[in-house]
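S.K.: Let's have the full structure, built from the sequences with the hints guiding it.
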Amino acid sequence: MKLIFRKSNLTVGLALMLLVSIILAGCSSESASGSSDGPFYEEKSIELVVPFGTGGGTDTFARFVAPFLNESVEGNPSIQTVNVPGGGSINGANEFVFSREHNGQFALVTSASTHVPYFLGDPAVKYDLKEMKPVLGLPTGGVVYVNPETGIESPKDIQNPKQDLVYAGISATGLDLVTLLAFEVLEMDVEAVLGYDGRGPSRVAFESGESNIDYQTSTAFLTNVQPLVEEGKANPLFAFGQLDENGEVIRDPAFPDLPSLKEFYVEAYGEEPSGEAWEAYKAFLGSSFTVQKVIWLHSDAPKEAVTALTDGAEKIIDSSEFMEKGEEVLGGYTPYVGDQLNKVVSNMLDTDEEVLNWVKDYLEKEYEITRYQ
Amino acid sequence: MFEAAFEALSIVLDPGRIPFMFLGIFVGLLIGLLPGLSGTVGMAILLPFVYGMDPYTGMAMLIGMAAVLHTGDTFPSVLIGMPGSSGSQATIMDGYPLARQGQAGRALGAAFFSSMIGGVFGGIVLFISIPLARPIVLAFGSPELFMLSILGLSMVGILSGNTPIRGVLVGMIGLMLGSIGGAPAVAEYRYTFEWLYLFNGLPLAVVALGLFAFPEMIELLAKKQSISKTAELKGGWVHGIKDTITHKWLVLKGASIGALIGFIPGLGGSVVDWIAYGITKQTSKDNENFGKGDIRGVIGPEGANNAKEGGALIPTLLFSIPGSGTTAILLGGLSLLGLQAGPRMVNEDVSITLSIVWTLVFANIFGAAACILLSKYIARLSLIPATSLVPFLLVILTVASYQSSRHFGDLLLFIGIGLLGLVMKRLDWPRAPLLIGFVLSQATERYLWISMERFGFSWLLHPGVIVLAVIIVALLAGGYIMKRSTEKANPA
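As they're listed, the protein sequences go chains A and R. Residues in the first sequence are numbered consecutively from 1, following this note's numbering. Residues in the second sequence are numbered consecutively from 1001, following this note's numbering.
None of these hints come from the bench; they were simulated from the model. Remember, predicted model here, so these are calculated numbers, not experimental data. We put the CB at the ideal spot given by N, CA and C, even for glycine. Incorrect hints may have been included.
Unchecked claim - Calculated pairs, SDA-like style, for lysine to any residue (alpha carbon to alpha carbon, straight line, at most 20 Å):
| hint | chain 1 | residue 1 | chain 2 | residue 2 |
| --- | --- | --- | --- | --- |
| 1 | A | Lys233 | R | Pro1343 |
| 2 | R | Lys1248 | R | Asn1287 |
| 3 | A | Lys233 | R | Pro1135 |
| 4 | R | Lys1224 | R | Ala1386 |
| 5 | A | Lys156 | A | Pro259 |
| 6 | A | Lys360 | R | Ala1183 |
| 7 | A | Lys325 | R | Arg1344 |
| 8 | A | Lys360 | A | Ala192 |
| 9 | A | Lys162 | R | Arg1344 |
| 10 | A | Lys126 | R | Gly1181 |
| 11 | R | Lys1248 | R | Gly1236 |
| 12 | A | Lys365 | R | Ala1183 |
| 13 | A | Lys126 | R | Leu1196 |
| 14 | A | Lys325 | R | Leu1339 |
| 15 | A | Lys126 | R | Glu1188 |
| 16 | A | Lys126 | A | Ser299 |
| 17 | A | Lys325 | R | Phe1049 |
| 18 | A | Lys365 | R | Glu1188 |
| 19 | R | Lys1253 | R | Pro1048 |
| 20 | R | Lys1242 | R | Leu1252 |
| 21 | A | Lys126 | R | Gly1182 |
| 22 | A | Lys365 | A | Val190 |
| 23 | A | Lys130 | A | Ala301 |
| 24 | A | Lys126 | R | His1407 |
| 25 | A | Lys325 | R | Glu1348 |
| 26 | A | Lys325 | R | Arg1454 |
| 27 | A | Lys360 | R | Val1186 |
| 28 | A | Lys162 | A | Pro148 |
| 29 | A | Lys126 | R | Leu1339 |
Stated by the list, open to error - Cβ-Cβ distance ranges computed for the label pairs, FRET-style:
| hint | chain 1 | residue 1 | chain 2 | residue 2 | range |
| --- | --- | --- | --- | --- | --- |
| 30 | R | Pro1131 | A | Glu230 | 14 to 20 Å |
| 31 | A | Asp244 | R | Val1470 | 55 to 61 Å |
| 32 | A | Thr334 | R | Pro1048 | 22 to 28 Å |
| 33 | A | Glu230 | R | Pro1463 | 26 to 32 Å |
| 34 | A | Glu230 | R | Val1470 | 36 to 42 Å |
M.R.: Here's what the structure looks like:
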């Protein structure tokens, strides 16, 4: 009996030790101080705060970039990815600002889900993107497509579909906002059914006929919708496009053969789009797609840290290994760095107050969302 | 197809890859063994190592982990009455009473053997369904998914023994707890009081641990005894395996339920074992012993929860829809390995999918064998006096709860739900319905909302909806009639 007792205790004890070491390995974030004359990051580490759970798009992006940062940033800092999920990424971003030292050893990885509530003025948002310094930005795109049974083949058909248009979305305040604003710009009559569990389920809804107009982001479109297009079960209409450095909508580099929403509009109505919906579309296209994922430092981080990381990011983009290995993670887009990044980010941050107010009113009127008023 | 399958077999058995599969199996068993840690934790631990591996090796490691998780998590469920992971709660219902009667070895043997059969079955289902998966997944629209949630909720009555009214009430409390946090369809937050911790809703692991583990610890301490009331352990694992062979159809029934529900995206894996348990109980003769230590109550859900993993990989790989937290991280792993889930997985990348099938089969066999060998030693846990065991458990459980979102709210919630669980246990209110309501709350609301928005009331006439409604009514009525007839037969 006594022997048994010891053995079992040993098992539990071993298990406990392993558990503790696992947890510690997950949480550890050493902050060693380096000497002042060498490179800033010599013998230092960088913690990448990911405000999402493990395995999501942003987490995957961060984990993919981490070893390249380690190689390219002067001083070869060790990079740790730390997930702080919760509150749809608001939690982690708040934590980055208020409980991480502004010493250049902590960086935040955001995505559109972090940017949109900031612009809409969500009461839970305590971070200010203007108080952060971008180092690397990754664009993505999206394509809107319809079921051929709707009879929509060209831009001229959008006003007279053969079926009522139904869109399956997740939430009016996520990436879907851009799609909904695109419908608004095109003055299309689309019934949006929101509440789906993700873009995967909404695509299944399209395939099973629950919806007949849908969008997918670039990578998902290429792997999952392109086969449908080839089978004649889906018709691509337009790509959202990208915002260039001057804030104009240009063609999506991943879909050079598809018109951007702007070109699509011109073909449908014979004039350039304008008005509040169009301005709002551009604003949210920028924050949701053109810079969909951004790695930031605190803006008051040491200058040397900012320079070292910025230079490192530029080096990464030039490495062919990065682009080759990252085909799936980057979706074929080249990340923004340096001046170009600063321009697109400041375009995004300079969104007109009036445009934002129009969007808030639009959300209240169309979707009864009063959270941002 | 078969040629490709054998080619994949040789890829999986490459000596350079086998160690990684075993590493995955080891982590999976360990995570399962520690109460409260679920597959998401295991995935999160292994994911950083995946980068730079070739896809077959990386998948062998990740799938090896996921495959055996629900084998290892049986230990805490049976031995200490605490969920080993979110997928192993139903085993508690009968496994724990068996352990208290000193039959832990038997319960474990039966559980592992049915897990093994279920897991291999799941792998075979994944293999067979590669060409059929598309139409089947597409047949389940939102109205059908809503009816499946209702099927899950109808288990509430079955699981509350002689007090169905209490069960329904508790189930409703579960539904309400599940509605805390962001609403599924509109940008509104409910009962969050602007506290960010609550925005994502209550974490399942904390609720499950609080509800089942906390009260058990207190009771053990209060009674100052070991879990097993008898000092000797009767009935070894051989007995358990014999039990499983006697009830072979039950294993297959559980495994089919597991694979099918895992297969259908949108319901979430955590409810599979409850549905399997409910149906097992409802379709068994002389079922009044369920909940008091009937070996069949172990075999059914254990067959289901391993088979589920094979089923759940279908929507994950083919549609990139994760069926559970574990598969959600698996998707991230895929893209780190340079792959993208989608139709490609059954065309160009079919060798990867087939290697996953083989890994599932091997990992389940090895995992269960390892557990059976270890069970003799680990079963003795139930002989340790509470005053020595509980402090260890308390530390593990606290860490496991805190692991959910690494926020102090986890600890508060663990104690809060734990006290609720204690009161319910003392007053003899059923606790399982609360968990079922909680798990299904989001899915039920989401799919009802979408069905109404999209179809008005016409969804009620969809053929799939009618078929599921008939099944639900048959299960409920069948149970009632069967109970009446046994009562007539044995007028007590």
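S.K.: Could you run down the list of hints and mark each one as holding or not?
M.R.: Here is what the structure says about each hint:
no.	hint	result
1	A/Lys233 <-> R/Pro1343	holds, 14 Å
2	R/Lys1248 <-> R/Asn1287	holds, 17 Å
3	A/Lys233 <-> R/Pro1135	holds, 14 Å
4	R/Lys1224 <-> R/Ala1386	holds, 6 Å
5	A/Lys156 <-> A/Pro259	holds, 14 Å
6	A/Lys360 <-> R/Ala1183	holds, 19 Å
7	A/Lys325 <-> R/Arg1344	holds, 19 Å
8	A/Lys360 <-> A/Ala192	holds, 17 Å
9	A/Lys162 <-> R/Arg1344	violated, 32 Å
10	A/Lys126 <-> R/Gly1181	holds, 19 Å
11	R/Lys1248 <-> R/Gly1236	holds, 19 Å
12	A/Lys365 <-> R/Ala1183	holds, 19 Å
13	A/Lys126 <-> R/Leu1196	holds, 11 Å
14	A/Lys325 <-> R/Leu1339	holds, 11 Å
15	A/Lys126 <-> R/Glu1188	holds, 18 Å
16	A/Lys126 <-> A/Ser299	holds, 15 Å
17	A/Lys325 <-> R/Phe1049	holds, 16 Å
18	A/Lys365 <-> R/Glu1188	holds, 15 Å
19	R/Lys1253 <-> R/Pro1048	violated, 37 Å
20	R/Lys1242 <-> R/Leu1252	holds, 15 Å
21	A/Lys126 <-> R/Gly1182	holds, 18 Å
22	A/Lys365 <-> A/Val190	holds, 15 Å
23	A/Lys130 <-> A/Ala301	holds, 14 Å
24	A/Lys126 <-> R/His1407	holds, 18 Å
25	A/Lys325 <-> R/Glu1348	holds, 19 Å
26	A/Lys325 <-> R/Arg1454	violated, 42 Å
27	A/Lys360 <-> R/Val1186	holds, 14 Å
28	A/Lys162 <-> A/Pro148	holds, 10 Å
29	A/Lys126 <-> R/Leu1339	violated, 37 Å
30	R/Pro1131 <-> A/Glu230: 14 to 20 Å	holds, 19 Å
31	A/Asp244 <-> R/Val1470: 55 to 61 Å	holds, 58 Å
32	A/Thr334 <-> R/Pro1048: 22 to 28 Å	holds, 25 Å
33	A/Glu230 <-> R/Pro1463: 26 to 32 Å	holds, 30 Å
34	A/Glu230 <-> R/Val1470: 36 to 42 Å	holds, 39 Å
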